[in-house]
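A.B. asks: Each chain is listed here by its residues.
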Amino acid sequence: MAESNILLAGFGGQGILFAGKFIVYTGLIADKHVSWLPSYGPEMRGGTANCSVIVSDAEIGSPIVTNPDILIVMNRPSLDRYEKDCKSNGFAFVNSTLIDKKVERRDVRPRYIPATELADEHGIPKLANMVMVGYVIKQTGICTQKDIFAAMKKTVPERKTELFDGNMRAVQIGYSYE
Amino acid sequence: MEKILMKGNEAIAEAAITAGCRYFFGYPITPQTEVAAYMAKRLPKIGGTYLQAESEIAAINMVIGAAAAGVRVMTSSSSPGISLKSEGISYLSGCDLPAVIVNIQRGGPGLGGIQPSQSDYFQATRGSGHGDYHLIVLAPNNIQEIVNLTRKAFDLADKYRVGVMILGDGVLGQMMEPVIMDECPKTELPPKDWALTGAKGARGKNIVNSLYLDPEELQRRNFERFDKYAEIAKTETLFEKYKTDDADIVLVAYGAPSRICKNAINTARAKGIKVGLFRPITLYPFPKQELAELALSTRVFISVEMSMGQMVDDVRLATECRRPVSVCARTGGVIHTPENILDAIEKEAANFRGVI
Chain A
0 MAESNILLAG
10 FGGQGILFAG
20 KFIVYTGLIA
30 DKHVSWLPSY
40 GPEMRGGTAN
50 CSVIVSDAEI
60 GSPIVTNPDI
70 LIVMNRPSLD
80 RYEKDCKSNG
90 FAFVNSTLID
100 KKVERRDVRP
110 RYIPATELAD
120 EHGIPKLANM
130 VMVGYVIKQT
140 GICTQKDIFA
150 AMKKTVPERK
160 TELFDGNMRA
170 VQIGYSYE
Chain B
0 MEKILMKGNE
10 AIAEAAITAG
20 CRYFFGYPIT
30 PQTEVAAYMA
40 KRLPKIGGTY
50 LQAESEIAAI
60 NMVIGAAAAG
70 VRVMTSSSSP
80 GISLKSEGIS
90 YLSGCDLPAV
100 IVNIQRGGPG
110 LGGIQPSQSD
120 YFQATRGSGH
130 GDYHLIVLAP
140 NNIQEIVNLT
150 RKAFDLADKY
160 RVGVMILGDG
170 VLGQMMEPVI
180 MDECPKTELP
190 PKDWALTGAK
200 GARGKNIVNS
210 LYLDPEELQR
220 RNFERFDKYA
230 EIAKTETLFE
240 KYKTDDADIV
250 LVAYGAPSRI
260 CKNAINTARA
270 KGIKVGLFRP
280 ITLYPFPKQE
290 LAELALSTRV
300 FISVEMSMGQ
310 MVDDVRLATE
320 CRRPVSVCAR
330 TGGVIHTPEN
340 ILDAIEKEAA
350 NFRGVI
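Protein chains in written order, with numbering that gives the first Met the number 0: chain A, 0 to 177; chain B, 0 to 355.
Chain A extracted, bound-state conformation (with noise of 0.2 Å):
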């Protein structure tokens, strides 16, 4: 049984729960088992955001991801938090823009991609959550490349156009990213 257990996490603001968002729409687009669980209350009012997400084969039990299969960090405090929890031989997903520091554990697999600055350098600059997406879809094949516009067609209104065509860039950045 194939099951991906998504924790991402961030400053409030960074899209944390909208990127949560897209990939469980990749999911259900795939016909699989999906769960989405925001953090609430006065941590995503201006603190830590963070967002569990779960893709399974099967029925989901827990909805919450307390050792996640792909962790995804936008920020630093986030990597200080959670690098504990990551599944050994996970992947530990690192926005090196805003994190200085390397991922310490020797069992998991770290990847880094300036997620901020690549989205600043393109004039998209609140989407680097979809950058960060876009190469955890290359690196972990957890959708196919096809999925990710129907996807996005689910996440975002199609009434806004504009804001669809910024995230499809923005994931499209982060997939090409080497």
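These are calculated hints, taken from the structure and not from any lab test. Do not take every clue at face value.
[Said to hold, decoys possible] Which chain A residues face chain B? A few, computed with CB under 8 Å, are given here:
(1) L27
(2) L36
(3) P37
(4) S61
(5) I63
(6) T65
(7) M167
[Stated by the list, open to error] Derived EDC-like pairs (lysine to aspartate or glutamate); straight-line CA-CA distance at most 20 Å:
(8) B:K287 / B:D226
(9) B:K2 / A:E58
(10) B:K2 / A:D30
(11) A:K86 / B:E1
(12) A:K152 / B:D213
(13) A:K20 / B:E1
Glycine included, every Cβ here is placed at the ideal spot set by N, Cα and C.
Go by the hints and put chain B onto chain A.
C.D. replies: Frame of chain A; chain B shown alone:
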């Protein structure tokens, strides 16, 4: 039909609308505010009324008014807000009025916290306010079930003229899962000939009231109400069993912890421990009979709850203490990890392993 992603709170609201609920009175509180927000957006567009009251107490009294007029009505809150509503819930029940009340629980007592909890179990299953009454209490554990049970809640309320509570927790309210929001099945229900719709000289007057100064009369009303509860227990009890057939240990859990139990069960079974889950879906009526039957074949029960051992009392009552019942408790907004539950399972397994 297409699956859509919805938060538990939004699913409650949309399911209520599909069930014909056009009136919502509430007051915001984390972690259920999305119920009210959704209703505020949708109800005015479909000819309904959404009203944010000045307090929870005002909101529940508006619910009483709408229910007395015979319409489908709902209110929603979280733990401290339900305490405030409890006076009105007692009056609603004393008047034998149908309404749906949602409690997306957070940690208590007092203002407590805002993270998920189940510590209102006693309050929910024992009626919440003063006097001899109960609510039917439904406890979903996934978003599709939230939809199905919210719809059912309106039917049960109308069928029996009782208050029905949807008892969730912050996890279920906030999480998103795919749901199919198909057409709401129509149930044949008795006409609301008791409702205050205006007699216009065509019939005698209807009275909705909870004051009975004659003790004999009040006793008769309460007896009748409890006959109704007996009927409900006989026909409306719901539960789920998961891998209980050969289980030495049976976990009893509802809501979010029942999902986490399944992770722990699968890990424990891989280690050769025979463990299963009994999940009450109706907390009132509690599925006593079915648990009593399980007590014949299992060795131990563990009540897994986000409260300091509340449901455990019902497990002991249902099984008449024929088997040991322990509690695996988390409280204050702390959620069990699968490992917490696995530890409790292994501890029990070690106790009886020596005697096999």
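A.B. asks: Could you run down the list of hints and mark each one as holding or not?
C.D. replies: Consistency of the hints with the structure:
1. L27: Cβ of A:L27 sits 6 Å from chain B, so the hint holds.
2. L36: Since the shortest Cβ distance to chain B is 4 Å, the answer is holds.
3. P37: With Cβ-Cβ at 6 Å, under 8 Å, it holds.
4. S61: Since chain B brings a Cβ to about 4 Å from A:S61, closer than 8 Å, the hint holds.
5. I63: This hint holds: A:I63 lies near chain B, its Cβ roughly 6 Å from the closest one there, short of 8 Å.
6. T65: 5 Å, holds
7. M167: Violated, because the Cβ-Cβ distance from A:M167 to chain B comes to roughly 19 Å (cut-off 8 Å).
8. B:K287 / B:D226: 17 Å, holds
9. B:K2 / A:E58: Answer holds: B:K2 to A:E58 is near 15 Å, not above 20 Å.
10. B:K2 / A:D30: Cα-Cα ~9 Å, so holds.
11. A:K86 / B:E1: 34 Å, violated
12. A:K152 / B:D213: Given pair A:K152, B:D213 is violated - Cα atoms ~65 Å apart, limit 20 Å.
13. A:K20 / B:E1: 17 Å, holds
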